[in-house]
Amino acid sequence: MTNFHYIGKEASRPDGPDKAAGKAVYIQDLQRPGMLYGKIKFSDFPHARIKHIDTSKAERLTGVRAVITATNTPEIRLGFLRDNFALKKDKVRQYRDEIAAVAAIDPEIAEEAIELIKVEYEPLPGLFSPHEAMKEGAPLVHETDPQGRPRANNQVPLQFHHESGDLEAGKRLAKHVVEGTFTTPMVQQCCMGTAGCIAEFDMNSNLTVWAKTQIPFLAQRDFNRALSDMGLAGKNARVIVPTLGGGFGSGLDTHCYEYIAILLAFRTGYPVKIVYTRAEEFANLSPRQSSTTKIIQGCDQNGKLTFRHVEVLQDNGAYTSWGATYPSVMMMPATSLYRISNVYFNAQLVYTNNTYCQAMRGYGNPEFTWALESNMDELAEETGIDPFDFRMLNSNKPNETTPMGLKISTCGLKECLETVAQKLNWKKRYKKGKHRGKGLASLIHVGGGARIYRSDASGLILKLDDFGNVNVYHGGVEMGQGLHSVLTMAVAEALGVSSERVLINPTDTGTCPWDVGTHASRGAFMACNAAILAANKLRDKIFGLAEVFYPQEVEKNLKKLKKKNPNYKPPDFDVIKAARRENFELQDGFIFIKDGPQESWLRLELARLLRAIHFRNQGQMFTTEVFYDPPNELPDFKKGFGNISATYAFGTQGAEVEVDTETGEVKILKMVAAHDVGKVLNPQALKGQMYGAIAQGIGYAFYEELLSKQGKILNPNFRDYKIPRVYEMNFPIELEFIESNDKFGPFGAKGVAEPGLVPTAPAIANAIYDAIGVRIHDLPITPDKVLAALKKLKQTKD
Amino acid sequence: MKKEISFTLNGSEVTVTIDEHLCLIDILRGPLGQTGTNEGCREGECGACTVIVDGQAVNSCLYPAFEVEGKNVITIEGLQEPNNKLSVFQQAFVDHGAIQCGFCTPGMIMSAKALLDTNQNPTEDEIRDALLGNLCRCTGYVQIVEAVKQAAVQLKNKK
Amino acid sequence: MKRFNYYKPRSLDEAWELKEKIPDALFIAGGTDILVGIKNGELYPPALISLRSIPELNSIKINGGAHIGALTTISDLIHHPALYNIYPVLVEAAKRLGSVQIRNVATIGGNLCNCSPCADMALPLLVLDAKVRLQTAKKNREIPIDEFFKGPGETNLTPNEILTGIVLESPRKSAKAIFLKKGRVRMDLAIASLAALMEMEGEKCQKARLAAGSVAPVPLRLFKVEAQLEGTTITDKLVAEAQQLAAESVAPITDIRATKEYRRQIVSVLVKRALKNILGWSQA
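Chain order of the listed sequences is A, B and C.
Note that our numbering has the first sequence beginning at 17, numbered continuously upward.
Note that our numbering has the second sequence beginning at 54, numbered continuously upward.
Note that our numbering has the third sequence beginning at -4, numbered continuously upward.
Hints are computed from structural coordinates only; laboratory data are not their basis.
In this text, all values refer to a predicted model and were calculated from it rather than measured experimentally.
Coverage of chain A stretches by chain B, computed from C-beta distances (three or more under 8 angstroms per stretch; other residues unrestricted):
#	region
1	39 to 53
2	205 to 212
3	252 to 266
4	490 to 503
5	710 to 720
Below, in silico cross-link-like pairs of lysine-lysine (PhoX-like), each with a Cα-Cα straight-line distance of 25 angstroms or less:
#	chain 1	residue 1	chain 2	residue 2
6	A	K810	C	K232
7	B	K138	A	K25
8	C	K267	A	K810
9	C	K34	A	K728
10	A	K801	C	K255
11	B	K55	C	K34
12	A	K320	A	K413
13	C	K(-3)	A	K134
14	C	K16	C	K134
Where a beta carbon is used, it is the ideal one built from N, C-alpha and C, also for glycine.
Next up, chain A with everything else stripped away, as it sits in the complex:
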């Protein structure tokens, strides 16, 4: 066990003080000289032909500098299936379709101008559920594909399929089988800071976008493509990420409003800022995809799982974004949570005229684990085995490969299960009639990056200056999760300097090396691994040159000391002989000889050494770069095979609940969470991530739901979209971190940002079942669903 200076120790985050002082500059706060304000006109119908757009009154309003529509701007397509458009021309396919936009000298004038834009529509029949959209003869949401070829139906042309083992054999071996259908709703990321950007061209037609994004480099690629569409091929987009007021997946794709800001900026010749209001954030930004999962599992008489059959149906909404790829992540627990052979997984996505969805924390895993972990309890009961024992029996083990080809290295699942059972006092269950119950659920998630794109790499540059500061340039994004915190610690630890000397620079495609994006809990894993590699490279360089410069500098130290203290007798130590690269150590910003004498003059300030190397003829400075590409694979999602991550995170959560059977309200008495995190990097930040994730899991379990009727969001505000407040988090939460010390993880650590909310809802549902014998299949578990289920149960009994 290494004794770390920083890793594993409590450390407050470096960006904390500025945030506490109200000094952090969010996109809302950012100003650029001459900046204009953009506002968007959204569709008044969920599905309609656009017959005419009258912008004349808006154009004449004093203070308006530009009004754009698809008719007076080049076509810009977006989305990885290229089925979306920055501004809609012929047709609107959802309420939030962008029809026109305005740039004005202040936001109020922009808003007034929007109200002056009149659109003539020819309404078309709308499709508001996958079932409606799959019916024979249903109208087409997209008549053609991006290549102009006619579409036959509303099926999204993406395949997610997995078959392994022998499903029929597995079914034959099963003594007990349980099947169920589970649904999850659309849920909003609810970042406290809403979405927005500023787009600005320089006089060379190069673009800068300050963006609330988690994918600065993929955004750069998308914006460069847009520039090409605008006749500016060869010009470059630079993406700078300001302080983010949250992310949670909302920044994982580019958005129409960003392209609209770019078009307005080009049209006006001035920077244009677009920031969403809270109502626009709820109604016009892409939320978490909803899902319907049918799951059938079987086990033998001892409780060993013999097969698993999964079918997923998702409402894709009008356009395709990352919500459509949730099945790629669902495949992971479907094939690999608990030891299972004989797996069938298939997912279908269907276009509708509902809002399209994109990434949100967990990315399909909370949705699927809701179904799987509920079904596990049902199967356990059917088999007559305790849910904890059932899971222990089928638990994943270290160093195994799963049906999907996931190479599990470390695996703390058994320890997590045991920890939760012990903390919940699992053996002591509540008597029937007390309306109190206990439940648990586990998770598997990617913990070592996630190769969902051709590259899962992350670059990092370390630049030392004359003062011993380490300037860090990294393309990952700090959105509150604490990336900068752990990166600071990792650099300080690996290099051997004080953490106060580590300065993280803003994420900027112009200065930082490429990174695919901060998602899939990969931020710390990538950044810290890259930091360790870069630090080692740097240490090597420093120690190499120290062979010459260390002796001469410490000699000066000794002279100075002798002058001050003429009686000083130095120890018998040949500095020049000892000054070999392999003998040096760098710690707390001081370089010294390992196992050498403890004399103060032999401890040389790194900054001194650097200045000596710099300020001379043929001087040198130290900048080093690393491009870390983790050992994982891009899976074939049609076959459902590939080791998507370098390592996997596991965890278990347990809930103790009390149900008010007269009102259907569920009170959480206690939550317990045990997570295999590999290694705790920053305890404070890790706890914060877990508490925050559990809060989101609580919301997901009980009341979060974007209500949509005929394509319109009915609750685009915090009054009617409820998220937990401090009062709702008023129960003990016990956290325990299992350190499995993964060899692929930086200092042994795995990714931790998402796992915290994956098993929360099913753990609670399992506890409710234990308390009152009813199982809710459809999130959120609202009181009236509980009452309805209790009523049904009573009727069945009577």
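Mind docking chains B and C on chain A? Use the hints.
Leaving out everything else, chains B and C in the frame of chain A:
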């Protein structure tokens, strides 16, 4: 119609000429350039815009500009101490990991300050009641409550 | 159009004059409802006439009974040194309204005039048999509060009439009251709420007052339930009957917050819990 109003902001007298239909948050973030107070919903639900007016925590997004005439307003910028030091409230948040994205933080700290200015010994229930109007999506509130408890202790010790 | 003029009259006369001049102007108290309505485009007044600077509207006088000025903030109700001892149910309801930030500016008069079916302050005032004082430049009147509410968002105020205060009688020592509110989460508009008051003489109920919120177009007195309870000895059976009667008396709707069936069910449960609490019976 623009009119002139004067009030005390963080201990200093300020005068601004402002449109009648605006709210306190617009004066703070606009002509006064105090962008520490954040707008999260403009409906009095999220509390990100919380400031203290005459000793009481209010949502500045719903406080009509003209009502602030002659009043004493404290924002997050007013908490900072000389020589770049954080106040007890702010430092407690930093020390306890109560800050992640930070967007809710200024409002949350102002609600905490409003509580501790009038109640030096708050129970945990009183702390939760004081913070009920402040939403946070990142932290799960646990470390925030711990930070407020710590600030209460430190303020008492100071006295 | 979200622009408006903002006036701050210093007297009621000035306020009425402004309203005469600008008939479409709205009187505003704390503003926590009106400003949101304007932002959402539901209201578009050309002007707001703030009543916040009119001193006589902002005071609480205790004199046997009480006179509460309409512009008394919810916070001031809670922190008043004497009010809790005399009308605890009023203060308990006040504590459940919104958040600290809202309570520091929202007013009791504003809450009543907003006239939501779930107005938190309406219920305790209904069970306390409160009267409201309504004034124009020419006329003053006092009406029982249950005649004040007309429909969702609609009061019985005549044009230019201002609700200036709430008048409460001196309470009986034997009166015990409770306020219960159910929301989806703690800080919420009520899905269903109830205030209940009973004056007991030994085992016999002398007076019963029940008012339910969010289950009818207006905050609703449950007259039938009151009649059933008054003058009798309360038993378990009677409580069950009261629950049934309450469920039948209300007319909830289904909206995005709750279904009508659920609201009806909750009102029934709240009646039971309220009565048991007042009587000091175990809730089991």
